[in-house]
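From these two lone chains plus the hints, build me the complex, please.
In the order they appear, the protein sequences are chains A and B.
If you're matching positions, the first sequence starts at 1 in my numbering and goes up one per residue.
If you're matching positions, the second sequence starts at 1 in my numbering and goes up one per residue.
Fair warning: there could be bad hints in the mix.
[Said to hold, decoys possible] Derived, one-sided and incomplete: chain B residues facing chain A with beta-carbon distance under 8 Å:
#1 T46
#2 G92
#3 F112
#4 T165
#5 I196
#6 N219
#7 P225
#8 L228
#9 R232
#10 S241
#11 S243
#12 A247
#13 Q294
#14 V295
[What the hints assert, rightly or not] Away from chain B, derived, C-beta distances all over 12 Å, residues of chain A:
#15 Y106
#16 F236
#17 F260
#18 A266
#19 K284
#20 L292
#21 P327
#22 R380
#23 H425
#24 L485
#25 T544
#26 S559
#27 A610
#28 N670
#29 Y676
#30 L695
If you're looking for bench data, these hints aren't it; they were derived computationally from the structure.
Glycine residues also receive a C-beta, built at the ideal position from the N, C-alpha and C atoms.
Below are the chains, spelled out letter by letter.
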Amino acid sequence: MTQTALDITKQVNAMKKRILLLIVLFAIHPQFALAEDDSVSQVSEDDYIGDVPRVLTVSRLSQPLSDAPSAVTVIDRETIRASGIVDLPEIFRLVPGFYVGVNAGYFHSTNHAVSYHGMTSAYSGAMQVLVNGRSVYSPLYGGVQWSELPLAIVDIERIEVTRGPNAASYGANSYFGVINIITQHPSEAKGNTVVATHGDGRNEAFYRHAGKVQDLTYRFTTGYREDDGLDHRNDFKRTRMLNAQADYQIDISNNLEFEFGLTDGARGEGNINEDAVVFLPRTKQIDNHYELARWRHNISDTSDFSLQAYHSFDRSDDKTTSVNLRPIADALLGAGAGAFLLNDTITIKNPVETERYDLEAQHNFAIGNAIRMVWGGSIRRDSMYAPHYLGTKRTDYFDLQRLFGHVEWRTYEKLVLNAGAMMEHNDFTGTDISPRASINFKPSPSHAFRLGISTALRTPNYLEEKFNRSIAIPTTLPGPNNTLLLQLYADKGNVDPEQIISREIGYLGNFGNLSLDTRLFHDTITDHIRLRDRTDFVTPPGFTLITGVDINSGTNEGSANVDGFEAQAKWQLASKTNLLFNYAYVHIRETQEELKRNYIDSMPRSTVSALLTHRFDSNWDASFAYYQTSETTQLGDGDPVDLIRKCDIRLARKFNSGRWNGEVSGVIENLFNDHYQEFADYNTLDRRARINLRLDF
Amino acid sequence: MINSNAISKFFLNKLACYTLIIILFLPAWAQAYTGVTIVLSAPTTTNLEFVENFKMELIATKNHNLKVKVIDLQETEKLVVAENSELVIALGVKALTAASKLKHTTPVLGVFTPMPAFNSLLEKSKRDLDIFSAIVLDQPYWRQISLVRAILPGAKKVGILLGSTSSQNSEFLIEEGEKGGLSVEIENVNQESELIPKLKKSLENNDLLLAIPDPAVYNRETAQPILLTSYRYLKPVFGYSQSYVRAGALAAVYSNTKDLAKQAAEIAIKTQLAPGLLPPPQAPKYFSVQVNHQVARSLNIPIMEDDEIYKRLLQFEMMQHVEAR
Chain A
1 MTQTALDITK
11 QVNAMKKRIL
21 LLIVLFAIHP
31 QFALAEDDSV
41 SQVSEDDYIG
51 DVPRVLTVSR
61 LSQPLSDAPS
71 AVTVIDRETI
81 RASGIVDLPE
91 IFRLVPGFYV
101 GVNAGYFHST
111 NHAVSYHGMT
121 SAYSGAMQVL
131 VNGRSVYSPL
141 YGGVQWSELP
151 LAIVDIERIE
161 VTRGPNAASY
171 GANSYFGVIN
181 IITQHPSEAK
191 GNTVVATHGD
201 GRNEAFYRHA
211 GKVQDLTYRF
221 TTGYREDDGL
231 DHRNDFKRTR
241 MLNAQADYQI
251 DISNNLEFEF
261 GLTDGARGEG
271 NINEDAVVFL
281 PRTKQIDNHY
291 ELARWRHNIS
301 DTSDFSLQAY
311 HSFDRSDDKT
321 TSVNLRPIAD
331 ALLGAGAGAF
341 LLNDTITIKN
351 PVETERYDLE
361 AQHNFAIGNA
371 IRMVWGGSIR
381 RDSMYAPHYL
391 GTKRTDYFDL
401 QRLFGHVEWR
411 TYEKLVLNAG
421 AMMEHNDFTG
431 TDISPRASIN
441 FKPSPSHAFR
451 LGISTALRTP
461 NYLEEKFNRS
471 IAIPTTLPGP
481 NNTLLLQLYA
491 DKGNVDPEQI
501 ISREIGYLGN
511 FGNLSLDTRL
521 FHDTITDHIR
531 LRDRTDFVTP
541 PGFTLITGVD
551 INSGTNEGSA
561 NVDGFEAQAK
571 WQLASKTNLL
581 FNYAYVHIRE
591 TQEELKRNYI
601 DSMPRSTVSA
611 LLTHRFDSNW
621 DASFAYYQTS
631 ETTQLGDGDP
641 VDLIRKCDIR
651 LARKFNSGRW
661 NGEVSGVIEN
671 LFNDHYQEFA
681 DYNTLDRRAR
691 INLRLDF
Chain B
1 MINSNAISKF
11 FLNKLACYTL
21 IIILFLPAWA
31 QAYTGVTIVL
41 SAPTTTNLEF
51 VENFKMELIA
61 TKNHNLKVKV
71 IDLQETEKLV
81 VAENSELVIA
91 LGVKALTAAS
101 KLKHTTPVLG
111 VFTPMPAFNS
121 LLEKSKRDLD
131 IFSAIVLDQP
141 YWRQISLVRA
151 ILPGAKKVGI
161 LLGSTSSQNS
171 EFLIEEGEKG
181 GLSVEIENVN
191 QESELIPKLK
201 KSLENNDLLL
211 AIPDPAVYNR
221 ETAQPILLTS
231 YRYLKPVFGY
241 SQSYVRAGAL
251 AAVYSNTKDL
261 AKQAAEIAIK
271 TQLAPGLLPP
281 PQAPKYFSVQ
291 VNHQVARSLN
301 IPIMEDDEIY
311 KRLLQFEMMQ
321 HVEAR
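Same shape as in the complex, but just chain B (with noise of 0.2 Å):
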């Protein structure tokens, strides 16, 4: 078991050392930005409404002097970008992986970017972290174990199942159960056949199925399956998005387009006068809670008021934080 607190510390200084030596041997500070573009993968309602949350936050926040462009892959082939005056914010993989290719030396920050996704973009496009980071949409797991205890405060054996692209998190899970005082259940889905099977049995062992992203276990196809069989075992499945409660999971944390601009909107204003210097890949800072309902009900499970789960959770990281000194 690695000792996190050790290695945090371990880190901290090493990124400290990282930090000065960067510092020392960048040839030339880059300028600071002029504005910020946005680049859109596709022009969807998720990534507009980031846009427009995101300028929001720019006047709230009285920054005015970051001017705000925004290109739209579908309609444009070449990303035009003043690469030594601008941040680039990506919005999904497919804006990342353009942006990837633009001048080492322009910031990018990824933004809808799978950790797996942006992990594959980092190493192809051989780009330093303090350049190309991003705000994955990975959430924390012990925020998702957080919810696990929140909603569930009886709740002692959370049930997992990792495809080929997450079970290399396996150790991580178990240890961030065990701080939240839950036993984790690990099955590995190594071939579609063995989803079914594989999920009965951590149904029949488990108090709840914690989704993890991984596209091979949870994808469009396999919602129905997943959710039936859950549902047909009594046993409540906490999942990762918005869409996966309402599709009939209990609940999630996850993070809005809000949450996410803020967030980015955050990173952009303080790198401003520091271009060369973007905070390392990061997992979503705001996050939103929510719960279904009609599933709460119809599994007999009392829930609090949203509001009431999401200051719990607040409590939940504070003292996390507290321990963890």
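Chain A on its own, in the form it takes in the complex (with noise of 0.2 Å):
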């Protein structure tokens, strides 16, 4: 690694010049000499030679994106602050193929639609996503409630968006695309940090601490968000959040880092036009925490060890209490019907408790300049208890264990290969392995092609896999079978994981100011999972079956290709000025009959979105975000919408008076007031206007 200086009479007469040099400034600025106080004379040997923590070890260095496996899209904090957004799953709009949808939905859908290339329902479980590496997808339907994560934007530092399946680092469920959300480390940001929003709908306020004792950095942040949601829509949201993290410096090479987040608080749930009946306006409540904890040893200096623990418990209560029926079984039945009821109402507690225990360790290392590594494994529990959905008051266990590898060969600095597998066992569909390999090639510094091939699975969720969801009506009838049930999901079980075969020729450019990441793409779906309608369901004893309503039971039916282009441009225009611009063509095609209904329409086949900023001096700036997105059928919930075009501006002005530092700044989502709608009809958006003030003190 060291090179021994060799004795070179010239470079002593070299020398001699310097040391002239040195002694000008010994002698000429008496300061130099003179600039003695205490802090000069405590200056010690140990301040340039002594020993500094191991910060960027092989663990914490990612790959360029050059290098990388898969197209990756890094959105940083400065593009998160210049696009003015207020709830995270908007940022991905300004990820290519990405669709989002506000959505006041249903049940536990009242939450943004997520997804990449479609395919998906307002769950959006196809998707991995981690918070600092944990996982935060709910079994129980496989998406995320974004507005349920322990989470401030102010504490995001970045947020690395995989685009394709990476279940070969990920694991299963890494299956369209992988986000890694990624916070600031607490050392990062010091001080105090007050945020506060006020606008159309929308009230929040974050305070922040992060400070230092001895070896330990901390940071906590506490925050409350009122979201009033949509108009015409009982989709409101309020919030209280507290996350702290902190990383003890043990000695060099060891250090322990802790997280723990809680937030709480109350929903609108059900929407008097979708159910005037049963699942009528309510307010539920949510109540969520995690505990995190991780240990990072530093082997070498190409070498790291890492083992992580977390648990996260997430319960939500629902209750809901009908109209009084007796008047509808006399309108549907015949006049009389209704008498025979046993209760005027029925009441339905819907409370779930998900709570997951997971342990990981992961081995990275470096052999010569050439060859990265990086392998280990983990082993998983999620428990789940859901009476309403499960039909059982038993808590339902799902084991998961994996294990992974990946390598990384830079057989020559032009070529780079990539291979990688994880194998898991899991509860639901047994022992599956994901591989995946790819090759980088770069003629020059400046271009990289990527010719990938990448295999992932999905495991059925609780939703396909274990729904027994029925509503029981209980009536005064003669006979054995006097229950109505309305059976409402019924899973066979058995589901085999939906598999992705994904392949495609990437390319990466710069030129100049302008920088491109572009790709084109082939992936192969098949074994798709399906709700689709039970006909052989066996009415159990005791109750009397409800006819003409879908009893939903998860199955693989169908498969499609899904064929497209995405491009990624940022494009520094002036040395003030900045464009992200985004472009992705996704067409679905089905291969199977079964895969009708919307699959192809189920992703937008053209998103455009750009974010224009300026910065006029220190203090000011300006952004301009476009979205666009054709016109699409989401799956689920989703209803056909059309084309959308959205403009949001914000206009900033950053302040600094010594101890007082901050920014205001206002935002016009939505600026030509466009009432349009997005995932379905239900959900209709017009102009928003918010004001933001950030101080740091």
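Structure (structure tokens):
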């Protein structure tokens, strides 16, 4: 590694001159020698040659985009700031190939629909989402309750989005893509910060404090959010959150990291125009928390070990009481039918408790300068208590074990090979392996071509594998089967994992101030999991089935090809003007008849997004965002919606008055006030304005 | 801006003058050395390695007549030195502080001494430069600039953070940068809370961060935020020590114990017969290059072999020497 000096007489001569320069420093600047105070005399050799904690160890160093085995979009703090978003999922509009829909839907779906390449419902179950390495997708329906994450936007450092399957690194459910949210290290933000937002339908405030006590750096953020949701929908959200992170530096090569998060609050649920009988407008309570500990051990300059354990707990309490059912029974079944009902109303209690324990060990190392490897394993247990959904008061458990490995081999400066695989075993689908491989060819430092193939599996979630959801209506009718049964879900179980094979050609190029990331992809999806009406349902004794209603059951049916093109351009138009431009063309083709309905339209054929930022001076800056999605019909609760064009503007002024620094900004979303529909026809969006204040002290 | 050429010439003359004065007015010539006493602040690996390398250097140059004695300050409070017949090499600030209290005629050479600490001790002990000198730990700025040029030939703007100790060097740094074709932008960090905001500002505006030793800016505590933040900005940090490179800086020029022992041995040999005439305090003459190839790879910076970089640096030094003429 090191090179010791050679004795070159010429160099000695050269040194004389340098020595003289030093004398100049010593002699001509008297203050140099005279600048003597305690701080100066306290400078010791340790300040120069003393040991420094290992910071950028192999596991912290990511591959450059041109070496990565798949397309990765990185959204940094600055982009998040410039976009002016208040809801985290909105940021994914700036990732090519993503569909984001504001949705004020039904059960558990009063949530943004976020999908990559479509083919999912409001639950968006086909993506892996991680916050600092902690998986936050729900085993219940596979998606993420974005508003329930104990995470403040102000704490996010960057978001890495892998476009395409990446099971070899992140495991099953890293199916269409992976979102990896990384928060700021506690040492990166010291002092106090207040962030407050006020605007149409929105009030929120956060307070953050970060500090250091000896070798412990910490940060905690607490906040309250009021979101009134969309007009004419019962989709309000009130959320209290607390997040804490700490890093304890044991010595130069060991540290312990801790995280803790908490959210609770109320959510509007139920909308009178969809269900005016049973699931009426009501308020649901949520209560979530998580705890994480991670030990990072730097074995050597080229080798790292980490051990991570976390626990998360999500609870929601939902209870609904129907209207008086007797008049309805009279109207449907004939006069007098209502009199046979045991009660006027029925009450449905729907508590859901999900708990996750996860332990993961990982070893990263390099062999020479050409090979980098990571391997590891994890075990996980999810527990699910959801009597209304699962039809049982017993807690169900889902166990998962994983082994993974990945190698990056830089054969020579111009060629990088990546290969990896993950083997996993779970209670639903048994053992499977997901491999992937890619070749990156870099004819010059500013151009890279990537040829990749990647596979992934999507394990069925509880909705698809174990739901047994029904509503029982007791009657006083004679006979043993006198309870009416409205069966909504009855999963047969034994659903196979859905499979994707993704092939792609990527190109990354730098042309002066323009950087380009493009890819052509061809994905094959087989064993698609969908919900089908079940015809072989056997009514349990004591019940009489109400017919004419679909009994949903998860099943493997159909396959599809998804072809398309994606491009992302970052262009520095002038020294203070930047443009981020994204385009995606996604074409879903069913290759089996069964995959009908709206699968083909479940992704807008073309999506465009752009963010133009300009800094006028050190205080003022402005940004303009443009989002366009072509017509689409999302699955599940989705309805056909038209082409959407949306413009947002943001104007910000920084201020700095010594101790108080900060920024005031104003955002207008949907500048031209198009009353467009997103995801479903009941979600109508109009112009909204907000003002935001950030204060650092 | 100071015209260093003119100043150098001026000082060359002046130095000659001083030398003459010293020769004329010294009351008596001290005796030639019979030996070297190396004073250790502590028996650290670095210090012990230095002793070994120093001895080996004497053997290699066939200077067997110089006897080497070692005093460890952790073992003995009192320095017992044959004050008129030995050269004292003090390893570390603590050792140099102790040595500065020896008789004024004892030649003392500090090694592993930061320049500010040397200046401070020089002032306190009221010693003359010809009897109290040092090989300071501070690498010359032009050498650090050369490393930047060798590794990142495309770089144009260098960001530098200076603290209270190093802030007086800003003019000099800007000038050295200019000579290397680099524009240097300096941010002064006056208090701890300014560090991260100023660092971010610097990273936004520049191609890299060049670390200049200053305990107010670079210390054990700030390594993590500085290296993490720089990495977030995908900007390389050029460090000043091997450990900073191991922690996550892209590269550094530094002098290892062997480099410093060689230079110290040269001084000991050269001044053996004229102990009253230590060379002026000087920067490390021999140096090594350390590159963090993992960081380079992650930042997508193509890096040549370490010895190639080293050769390039020697070329730069030679060229600079020619230009200076």
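Hint by hint, here is what the structure shows:
For B:T46, the suggested interface contact is upheld, since its CB lies about 7 Å from the closest CB of chain A, less than 8 Å. Restraint check, B:G92 versus chain A: the minimum CB separation of about 5 Å is within 8 Å; hint holds. The beta carbon of B:F112 is positioned within 8 Å of a beta carbon in chain A (closest approach about 4 Å), and the interface hint is therefore held. The closest approach between the C-beta of B:T165 and any C-beta of chain A is roughly 6 Å, which is under the 8 Å cut-off, so the hint is satisfied.
Taking 8 Å as the C-beta cut-off, the interface hint given for B:I196 holds, the closest approach to chain A being about 6 Å. This hint holds: B:N219 has a C-beta 7 Å from the nearest C-beta of chain A, less than the 8 Å allowed. Restraint check, B:P225 versus chain A: the minimum CB separation of about 4 Å is within 8 Å; hint holds. Because the smallest distance between the Cβ of B:L228 and any Cβ of chain A comes to about 5 Å, under 8 Å, the interface hint for this residue holds.
The interface hint given for B:R232 holds, since its Cβ lies 6 Å from the closest Cβ of chain A, which is under the 8 Å cut-off. For B:S241, the interface hint holds, since its Cβ comes within 8 Å of a Cβ in chain A; the closest pair sits about 5 Å apart. For B:S243, the interface hint holds, since its Cβ comes within 8 Å of a Cβ in chain A; the closest pair sits about 5 Å apart. Annotation: interface hint on B:A247 holds; nearest CB of chain A at approximately 4 Å, less than 8 Å.
Given the 8 Å rule on beta carbons, the hint for B:Q294 holds: about 6 Å separates it from the nearest Cβ of chain A. Residue-level restraint check for B:V295 holds (minimum Cβ-Cβ distance to chain A is 6 Å; threshold 8 Å). For A:Y106, the condition that its CB be more than 12 Å from all CB atoms of chain B holds, with the nearest at approximately 40 Å. At roughly 36 Å from the closest C-beta of chain B, the C-beta of A:F236 stays outside 12 Å, upholding its exclusion from the interface.
Listed as a non-interface residue, A:F260 keeps its Cβ farther than 12 Å from every Cβ of chain B; the least gap is roughly 21 Å. The Cβ of A:A266 sits about 36 Å from the closest Cβ of chain B, beyond the 12 Å cut-off, so the non-interface label holds. At roughly 38 Å from the closest C-beta of chain B, the C-beta of A:K284 stays outside 12 Å, upholding its exclusion from the interface. Its beta-carbon lying about 19 Å from the closest one in chain B, A:L292 satisfies the requirement of being farther than 12 Å from that chain.
Against the 12 Å criterion, A:P327 stays outside the reach of chain B, whose nearest CB is about 63 Å from its own CB. Taking the minimum C-beta to C-beta distance to chain B, about 29 Å, the non-interface status of A:R380 holds against the 12 Å cut. Here A:H425 stays apart from chain B, with its beta-carbon at least about 33 Å from theirs, past the 12 Å limit. With a cut of 12 Å on Cβ distances, A:L485 stays outside the contact zone with chain B, its closest approach being about 57 Å.
Every CB of chain B lies more than 12 Å from the CB of A:T544, the least distance being 63 Å, so the non-interface label holds. The beta carbon of A:S559 sits about 38 Å from the closest Cβ of chain B, which is more than 12 Å, so the claim that it is off the interface holds. Remark: the non-interface label on A:A610 is consistent with the geometry, its nearest Cβ contact in chain B lying 22 Å away (cut-off 12 Å). Remark: the non-interface label on A:N670 is consistent with the geometry, its nearest Cβ contact in chain B lying 31 Å away (cut-off 12 Å).
The non-interface label for A:Y676 is consistent with chain B: the shortest C-beta to C-beta separation is roughly 36 Å, beyond 12 Å. Every CB of chain B is more than 12 Å from the CB of A:L695 (nearest about 14 Å), matching its label as outside the interface.
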